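Whole structure, please, built from the sequences with the hints as guidance.
Those protein sequences? They're chains F and S, same order as listed. According to the numbering used here, the first sequence is numbered sequentially starting from 1. According to the numbering used here, the second sequence is numbered sequentially starting from 1.
It is possible that part of the hints are untrue.
Using 35 angstroms as the maximum straight-line C-alpha spacing, the simulated DSBU-like pairs for lysine-lysine come out as follows [to be verified]:
hint, chain 1, residue 1, chain 2, residue 2
1, S, K142, F, K237
2, S, K142, F, K183
3, F, K307, F, K100
It should be emphasised that the hints constitute simulated quantities derived from the structure, not laboratory data. It should be emphasised that the depicted structure is a prediction, and the values quoted were computed from it without experimental measurement.
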Amino acid sequence: MSSNVLSQSGSKPLKGSPLMSNRHVGICILVLGIALALATPLLPAGLQRLPEALVLPFADVINYLFLFIKDDLGFIHVTRGIAGGVESLLDVTANLLYGKRRWPNIGPIPWTTIAVTAGCIGYALGGWRLALLGAGTFVWAALLGQWKWTMETLSVIVVAVPLAVLIGLCLGAAAWRSARVEKILNPMLNIAQSLPHFAYMIPVVVFIGVGPKAGAIVTIIFAVPPMVRMTLLGLRKVPPEVVESGQMCGSTPWQLLRYARIPTARTEILVGVNQVIMQSLAMVVLASFIGMPGLGQKLLQLLQSLKIGRSIEIGITIVLLAIMLDRFSKAWAHRQPEHHERHTAWWYQHRLLLIWIALVAGTFLLSMVLPVAAEIGRRQAFTLSKEFDVIVESLLTFVDPVTLAIRSFLIKDVLIPLRDAYLWLPFSAVIALVAGVAWRIGGRRSAVVCILYVAFIALSGWWDRAMITVYMVSVAVFVSALIGLPLGVWASRSDKRAQRLLVVCDTLQTFPSFIYLIPVIMLFGVNDVAAISAVIVFGTVPMTRYTIEGLRGVAPELLEASDMSGATRWQKLRTVSFPMAVPTIMVGLNQTVMFSLFMVIIAAFIGTQDLGQEMQRALSSTDVGKGLVLGLCVAFMGLLVDHLITRWGSERQRLLGVVS
Amino acid sequence: MSDTQPLISCRSLWKLFGHDPVAYLEQKLSGGEVSFDSLQSDGYIPAVRDVSLDIYPGEMLVIMGLSGSGKSTLVRCLSRLIESTSGSITVDGQDLRALDEKGLIDMRRNKMGMVFQNFALLPNRTVLDNVIYPLEMRGQDKHTRRARALEVIKLVGLEGRESYFPRELSGGQQQRVGIARSLAIEPDIWFLDEPFSALDPLIRREMQDEFLRLQALLGKTIVFITHDFDEALRLADRIAIMKDGMVEQVDTPDKIVLQPATPYVARFTEEIERARVVHASFLSEEIVGAPPAGEPLLASSTIHSLARRLVDDTRAVYPLVDDNGQSAGQLNRAVALDVLLGANTASTSPDANTAKDITAASL
Chain F
1 MSSNVLSQSG SKPLKGSPLM SNRHVGICIL VLGIALALAT PLLPAGLQRL
51 PEALVLPFAD VINYLFLFIK DDLGFIHVTR GIAGGVESLL DVTANLLYGK
101 RRWPNIGPIP WTTIAVTAGC IGYALGGWRL ALLGAGTFVW AALLGQWKWT
151 METLSVIVVA VPLAVLIGLC LGAAAWRSAR VEKILNPMLN IAQSLPHFAY
201 MIPVVVFIGV GPKAGAIVTI IFAVPPMVRM TLLGLRKVPP EVVESGQMCG
251 STPWQLLRYA RIPTARTEIL VGVNQVIMQS LAMVVLASFI GMPGLGQKLL
301 QLLQSLKIGR SIEIGITIVL LAIMLDRFSK AWAHRQPEHH ERHTAWWYQH
351 RLLLIWIALV AGTFLLSMVL PVAAEIGRRQ AFTLSKEFDV IVESLLTFVD
401 PVTLAIRSFL IKDVLIPLRD AYLWLPFSAV IALVAGVAWR IGGRRSAVVC
451 ILYVAFIALS GWWDRAMITV YMVSVAVFVS ALIGLPLGVW ASRSDKRAQR
501 LLVVCDTLQT FPSFIYLIPV IMLFGVNDVA AISAVIVFGT VPMTRYTIEG
551 LRGVAPELLE ASDMSGATRW QKLRTVSFPM AVPTIMVGLN QTVMFSLFMV
601 IIAAFIGTQD LGQEMQRALS STDVGKGLVL GLCVAFMGLL VDHLITRWGS
651 ERQRLLGVVS
Chain S
1 MSDTQPLISC RSLWKLFGHD PVAYLEQKLS GGEVSFDSLQ SDGYIPAVRD
51 VSLDIYPGEM LVIMGLSGSG KSTLVRCLSR LIESTSGSIT VDGQDLRALD
101 EKGLIDMRRN KMGMVFQNFA LLPNRTVLDN VIYPLEMRGQ DKHTRRARAL
151 EVIKLVGLEG RESYFPRELS GGQQQRVGIA RSLAIEPDIW FLDEPFSALD
201 PLIRREMQDE FLRLQALLGK TIVFITHDFD EALRLADRIA IMKDGMVEQV
251 DTPDKIVLQP ATPYVARFTE EIERARVVHA SFLSEEIVGA PPAGEPLLAS
301 STIHSLARRL VDDTRAVYPL VDDNGQSAGQ LNRAVALDVL LGANTASTSP
351 DANTAKDITA ASL
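In C-alpha cells form, the structure reads like this:
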C-alpha cells in the first residue's frame with residue numbers, strides 16, 4: 001500500500017517552512033525507515049518488536065469498563081428493555097411472515113400473497129421489469145424450499161430498517177442543527193464505518209445475547225451511520241432560497257424542517273434509506289455468527305460442510321433479494337411525482353391499489369383451497385442442487401489441475417515469502433515509513449495522526465496478526481488495481497461499454513460480502529488463496545467503477561483540445577484523461593482498501609491467521625475487550641489509508657482547480 | 001408622496017459578513033468615516049453600507065445594481081431573512097429588528113410576500129399545495145385556504161394546472177406559481193428578488209407585462225430587485241442604484257436618466273434612449289403669463305411617444321394637461337427635442353461629461 005501511495009504523490013509542496021518543506025522532511029523520515037528495515041538483523045530486539053512489557057492492556061480496560069457499565073451502572077437493564085421492545089416487534093413480523101406463534105396470530109401469510117405484493121410494489125415503482133424482479137425473487141425462494149429462511153431474514157430486515165432510518169434521521173437532523181453534535185458525531189461515524197462487522201457483534205452478544213433480537217439490534221447499529229451521513233448531506237443541500245421562501249411564508253422552525261427541508265432533501269434521504277437496506281441485508285446474513293437464523297445461517301452451515309450446490313442456491317436467493325431491495329429502494333428514491341389529468345376517475349387513479357387488493361384476496365382464497373399456494377413443503381420443492389453439484393463437479397475436475405497449480409505456486413512462491421517479508425519488518429521501520437509518507441503528503445499533522453494509528457496497533461500487542469492482515473489486504477489491493485484500472489480504461493472508451501460495466505459493478509456492490517466466498521471456496525477450497533481471491537473479486541469492483549467514472553468525468557473541452565493538438569489515444573490518456581481522473585480513481589482505491597479490509601476479516605472463517613481469526617475467537621468466547629481492540633486495529637488501518645488518500649486527493653483537486 | 005408615512009423605512013443600515021461584525025462595526029463607526037477598502041482589508045465583506053431608504057405605500061421601488069452590489073442582501077435585511085449588523089428598520093410602524101421570533105413569523109404570515117429568483121418551489125407539492133403552503137402555515141382551515149389558493153392561481157393565469165408538480169412546468173409557469181404563493185396571504189409588502197432573471201428574454205418580457213397588470217390590479221408596496229437596467233426603467237416608480245453596498249441614488253427613472261447623481265449612475269444611463277424614459281411632466285415648466293395656445297399634450301406621455309408631434313408641431317411651447325384634463329404646466333419644444341435627439345445640454349447635470357471621463361479613465 002505505502003509504496004502505491006508514494007509513487008502517485010507527485011504533487012509539489014505548496015507551502016512549507018523556508019528551511020525544509022514537507023516533502024523533504026517526509027523523504028528524510030522515509031530514508032530513516034528504509035535504513036531501519038535494511039538494518040533489521042543489527043537492530044536491538046526492542047526496536048524489532050515492541051517489548052511485552054510495553055503492551056498496554058487495552059482489552060482488560062475495555063472489559064472492566066463494560067462490566068462496570070453493564071452491571072454496576074445497571075445498563076444491562078436498559079439494553080434488555082430495548083431488546084424487549086425490538087423483540088416484540090420481531091414477534092409480529094415473525095408471526096406474519098413465517099407463522100411464529102405470537103400476537104397477532106394470523107400468519108403465516110401465503111407465499112403467493114407476498115409474491116404478488118412484491119410484484120405490485122415493483123410495478124408501482126418501476127414498471128414491469130421491477131414487478132418481475134419482485135415477484136420472481138419470492139417465487140424462486142418458495143419453489144426451492146427456502147421460504148422459511150428467507151422470511152426469517154426478511155422479518156428482521158422489516159423491523160431493523162425503519163428503526164435504523166428513524167434513528168439515523170434524528171441523529172442526522174441533530175447534527176445538522178448543532179455544530180457541536182456534529183463535531184462529536186463525526187469521529188464516531190468515521191470509526192463506526194470502518195469497524196469490521198464482527199466488532200459490532202461482540203458487545204451486542206454481551207448486552208443482548210444471541211438469536212434474532214441480537215441480530216436485529218446489531219443490524220440496526222450497523223446500518224445507522226450511512227443514514228446519518230445522507231440526512232446531513234441532504235439537509236445541507238437544500239437551496240437557501242427554498243428555506244427563505246419557507247421563512248417568508250411564516251413557517252416556524254419545526255414547520256420549516258417538516259414541510260420544506262426534509263421533502264426537498266427527499267432524494268438524498270431516500271438514497272440513505274437504500275444504503276440502510278443494503279447494509280442491513282449484509283449484516284443480517286453475517287449475523288448468523290451470533291445465532292441469527294435465516295438464509296445466512298443456512299449458507300454458513302452449507303459452506304462449512306462444503307455443500308456447494310445448495311450453497312449456490314441459497315447464494316442466488318440472497319443475491320436476488322439484494323438486487324430486488326436495491327432496485328426497489330433506488331427506484332423509490334428517484335421517483336418523481338406526477339399529476340393525474342383532471343376528472344380522472346378515482347378508481348383509475350388508485351387502480352394499482354385495487355388490483356393489489358384483489359390479488360391479495362385471490363391468493364388468500366387460493367391458498368385455502370390449494371395448500372401448495374400457501375406453503376411449499378420440503379418434499380415438494382424443486383431443488384437444482386444435485387444438478388449444480390454435477391456441473392460444479394465436472395467443472396472442477398476440468399479446472400482442478402489448473403487451480404491446483406495456481407494455488408501451490410501462489411502459496412509457495414508468492415504469498416508465503418511476502419507474508420514472511422511483512423512479518424520480518426521491524427515495527428520501528430514500519431512506523432518510520434508510514435510517518436515519512438504521511439509527512440510528505442499532509443505535513444506534520446498527518447504524520448502525528450498516522451503514527452498514533454500505528455502506535456495503537458503496536459501497543460495493543462496484535463502486531464504480527466495485524467501485519468498478516470496488512471499483507472493480505474495489500475496483495476489483494478495490488479491485484480485489484482492491476483485488474484480494475486485496465487478494465488476501467490477499456491470500458492470508458494465507449495459509452496455503451498461504460499454503461500454496461502457500471503451496471504454490473506452496481507449490481508455486484510449490492511451483494512452481501514458473504515456471497516463472494518461461495519465461488520472461491522468452490523474453486524480453491526479453504527485456504528489463503530481462496531481468501532485473497534474473494535478479497536480481490538470484492539475489491540476490484542470499486543476500483544473499476546471509479547476508474548470509469550473518473551475517466552468519463554473528464555471535461556469534454558479538454559479532450560477536444562488535446563485532440564486538436566494532435567494527441568494520439570495513448571497520449572491523450574497519459575497527459576489529459578488520467579491526470580484529471582486521478583482524484584476520482586483514488587477515491588476508488590480508498591474504497592477498495594476498505595472493502596478489502598472488511599472482506600479479509602469475514603474471510604477469517606475459511607481459515608486465515610490474521611486479526612479476523614482472532615476476532616472470531618473473541619466472538620466465540622464473547623471477549624468484548626479483545627474483540628473491540630481487534631476491531632479498532634482494523635478500523636485504524638482503514639482510517640490511516642483513508643486519511644492519506646483523502647488528504648492527497650483534496651490537495652490534488654485544489655491544484656487542478658476541480659472543486660469537489 | 002411625502003405627505004404619507006413610509007411603509008418601510010430604514011436608517012443607516014449596515015450588513016457586514018465576518019467575525020463578530022457587530023462589535024467591529026461599532027468600534028469602526030465611532031472612528032468616523034468607514035471606507036469599503038478599509039473594511040475589506042480588515043477581513044470583512046461589506047454587503048450593505050449605511051443605507052437609508054423610505055418606501056411609501058403603493059410604491060414600486062426597484063433596487064438596481066450589478067451582482068455583488070448588495071441588493072439581495074439589502075432586501076433580505078428588509079425582510080429580516082438575515083440579521084442586519086447595525087441600523088434600524090421600521091415596517092408599518094413596528095421596529096422590525098426588535099421583533100421576537102413569534103412577532104416576526106406573525107408579520108410574515110400577514111404582511112409580507114416574497115418571490116425568488118430560482119422560484120424556490122417545494123418539489124414534492126403540486127401547484128395548488130405550493131400556493132396553499134403559506135396559508136397552511138398560518139393555520140387557516142382547509143376549505144378557505146383551498147378557495148383562496150384557487151383564486152390566486154386563476155389570477156396568475158395557471159388555471160387548470162393546479163395538480164401539476166413544479167417539475168412539470170416551464171420556467172415562466174413556475175415563477176407564476178412563485179408569484180401566486182407570495183400573493184396568497186394578501187401581503188401589503190411584496191419583495192421580488194430578481195424574479196425574472198432566470199427566464200428567457202421573451203418570457204421575461206411577457207412576465208413583466210403580467211406583473212404590471214397584477215400591480216395595476218393590486219396596488220401593493222413593492223421592493224423589486226434586478227440587475228437589468230431596462231427592466232428597472234420599465235417597472236419602477238423609483239429606482240435605487242446600488243454599488244458596493246451603498247445606495248448611489250434613489251430617484252424617479254426620469255431623474256436618474258437626466259440627472260445622474262454620481263459618475264457610476266451616469267455610466268449606467270449612457271446607453272439608454274432617454275426619450276423612452278423621460279415623461280413630458282418631468283420637463284414641465286411653470287406657466288408664466290398667458291398660457292400657451294393650441295391643443296395640449298398629455299403630461300404622462302414619454303417624449304418618445306410625442307416625437308412626431310414635436311417635429312410636426314412647430315409651436316415654441318405646448319400646454320400640458322394631466323390625465324384628468326387639468327393644466328400641468330407647459331413644455332418647451334427645444335428642451336423636449338434635446339431629449340429626443342440625445343443632446344447632452346439642456347437639463348442633464350453639468351458634471352455628467354466630466355464624470356464620464358473619470359469613469360472611462362478608471363476602466
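Status of the hints after comparison with the structure:
| no. | hint | in the structure |
| --- | --- | --- |
| 1 | S:K142 with F:K237 | holds (31 angstroms) |
| 2 | S:K142 with F:K183 | violated (42 angstroms) |
| 3 | F:K307 with F:K100 | holds (29 angstroms) |
Of the numbered hints stated above, the single one contradicted by the structure is hint 2.
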